[in-house]
Amino acid sequence: MRRNPFFTFLGIMVLAVLLNNACKNEKTLSEFTVEIENNDENVSEQFDSIFKYSGHVVLSTDDQSILGNINKVYVDNDTLYIMHENSHIASFDKSGAYIRDYSHLGHGHGEYISLSDFDIHDDFLYLLSDNKILIYDKQNNYSGTIDLPNAAQGLCVMDSGIALNNEFGYGDSSTVDHFCYSFISNDGKVINRVRFNDALLGHTYSTNGQVGKFIKNGNRVYTYFPYNETIYEIDSISGDIKPLVDLKMETRHIGADTEAQEVDRILKSNVAKVFHAAYIYGDLLFFSYFDNRIKSVLCSLQGKIYLNGAATIDSNGLPISFYGLYTSSPSDSILSIVPAPVVKSIASGKNGLSEYPVINEISQQLESDSNPVLVFYRLNKQSL
Numbered sequence: 175m176r177r178n179p180f181f182t183f184l185g186i187m188v189l190a191v192l193l194n195n196a197c198k199n200e201k202t203l204s205e206f207t208v209e210i211e212n213n214d215e216n217v218s219e220q221f222d223s224i225f226k227y228s229g230h231v232v233l234s235t236d237d238q239s240i241l242g243n244i245n246k247v248y249v250d251n252d253t254l255y256i257m258h259e260n261s262h263i264a265s266f267d268k269s270g271a272y273i274r275d276y277s278h279l280g281h282g283h284g285e286y287i288s289l290s291d292f293d294i295h296d297d298f299l300y301l302l303s304d305n306k307i308l309i310y311d312k313q314n315n316y317s318g319t320i321d322l323p324n325a326a327q328g329l330c331v332m333d334s335g336i337a338l339n340n341e342f343g344y345g346d347s348s349t350v351d352h353f354c355y356s357f358i359s360n361d362g363k364v365i366n367r368v369r370f371n372d373a374l375l376g377h378t379y380s381t382n383g384q385v386g387k388f389i390k391n392g393n394r395v396y397t398y399f400p401y402n403e404t405i406y407e408i409d410s411i412s413g414d415i416k417p418l419v420d421l422k423m424e425t426r427h428i429g430a431d432t433e434a435q436e437v438d439r440i441l442k443s444n445v446a447k448v449f450h451a452a453y454i455y456g457d458l459l460f461f462s463y464f465d466n467r468i469k470s471v472l473c474s475l476q477g478k479i480y481l482n483g484a485a486t487i488d489s490n491g492l493p494i495s496f497y498g499l500y501t502s503s504p505s506d507s508i509l510s511i512v513p514a515p516v517v518k519s520i521a522s523g524k525n526g527l528s529e530y531p532v533i534n535e536i537s538q539q540l541e542s543d544s545n546p547v548l549v550f551y552r553l554n555k556q557s558l
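Going by my numbering, 373 is the number at position 199 of the sequence shown; the sequence numbering is gapless.
Just so you know, not all the hints are guaranteed correct.
[To be verified] Here are the simulated lysine-lysine pairs, BS3-like style, with alpha carbons at most 27 Å apart:
no., residue 1, residue 2
1, K312, K268
2, K442, K268
3, K442, K226
4, K363, K312
[As the list claims (entries may be wrong)] Label-pair restraints from in silico Cβ distances:
no., residue 1, residue 2, range
5, E529, K363, 51 to 61 Å
6, E541, P493, 19 to 29 Å
7, Q538, S228, 17 to 27 Å
8, G362, T486, 37 to 47 Å
Don't read these hints as lab results, they were simulated from the structure.
Built from N, CA and C at the ideal position, the CB exists for glycine as well.
Input sequences plus hints: build the corresponding full structure.
See the structure below:
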């Protein structure tokens, strides 16, 4: 019996569509999914049982080291590199003593008009300014410039290349597409990139004054994007990003292909849950996000929840405000930043002292109200 060529062709086309969809699904599925219930309860006591106060750093406040608002903190070999609102990077030792300032504002060779982000790799500082990266050694000597194919707001430097994030999406006139992520070679050539949802342009914004949206803990690097509740892992060789964990937080996800009308509907009907800080310790994920108030979650990638709610004040009386912490070697620490005036107001109790010894110690170390206090906590895995 002869087969009808039309039905043979139709069968092949159906099979091709199914295989194509299967490949797409395989690429977009995350390895893990964690469901997180909305919880407004205060979980400060639970936080204290899991994360132990491990110390603080009061930064010196001479004329050269006044910071204002902090945008990024990087710890490299016991040296703190802090990017602040004045487009400078100041370095301090672990006791808070000022070392030097990396400031190259200007229009000349090796200078930048504004500073978007920075990273440290192989004892060099990489300073991101829109569409170029300036490289300096730790003694602040100029080493070179990498011209970028597009503007970016965040970077992460690896052995095989440089990862770039652009939260507003950058345009490509040849494809009329926008891209939120790209991986480039050390000479600026694009190796890989990820499409951005055009309908989100104009809606996205920075989180808590922090930049980058990379999670860097030693050699492991992860990233996330505005209004996207997925954490991605970056392959250190190819620069490919792979969905690692989906966080089901009772909101609709906005994907690359979501239509503009649907994007507007989602943004109007939901208060966006925006990450303020995120950390990954092996198979544990800790993140802080905004949902009418600041909330924190510690969970395993397999879905077990250890902490979920609002952690506001620790057992030492210190207000908790989490920031991202970047480290050159694996770390189990998290960072909270407390403004100096807040510490002083808590300490101004009877006889000018607080009931909390740590508060009193910090208050006595403060030289002025200019620089905030860095407070560190360490994950106590034995408590889980």
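Structure-based check of all given hints:
At most 27 Å may separate the alpha-carbon atoms for a hinted pair to count; K312 and K268 meet this at roughly 16 Å. As the CA atoms of K442 and K268 are separated by approximately 45 Å, the hinted pair breaks the 27 Å bound. Only pairs whose Cα atoms come within 27 Å are accepted, and K442 paired with K226 is rejected, the gap being roughly 39 Å. Annotation: proposed proximity of K363 to K312 holds, straight-line Cα distance about 26 Å (limit 27 Å).
Here the CB-CB span from E529 to K363 is close to 59 Å, well matched to the stated 51 to 61 Å. Taken as a hint, the range 19 to 29 Å holds for the pair E541 and P493, whose Cβ atoms sit roughly 20 Å apart. The hinted window of 17 to 27 Å between Q538 and S228 holds, with their beta carbons roughly 20 Å apart. At about 45 Å, the beta-carbon gap between G362 and T486 stays in the expected band of 37 to 47 Å.
The structure is inconsistent with the numbered hints 2 and 3, although it conforms to all the rest.
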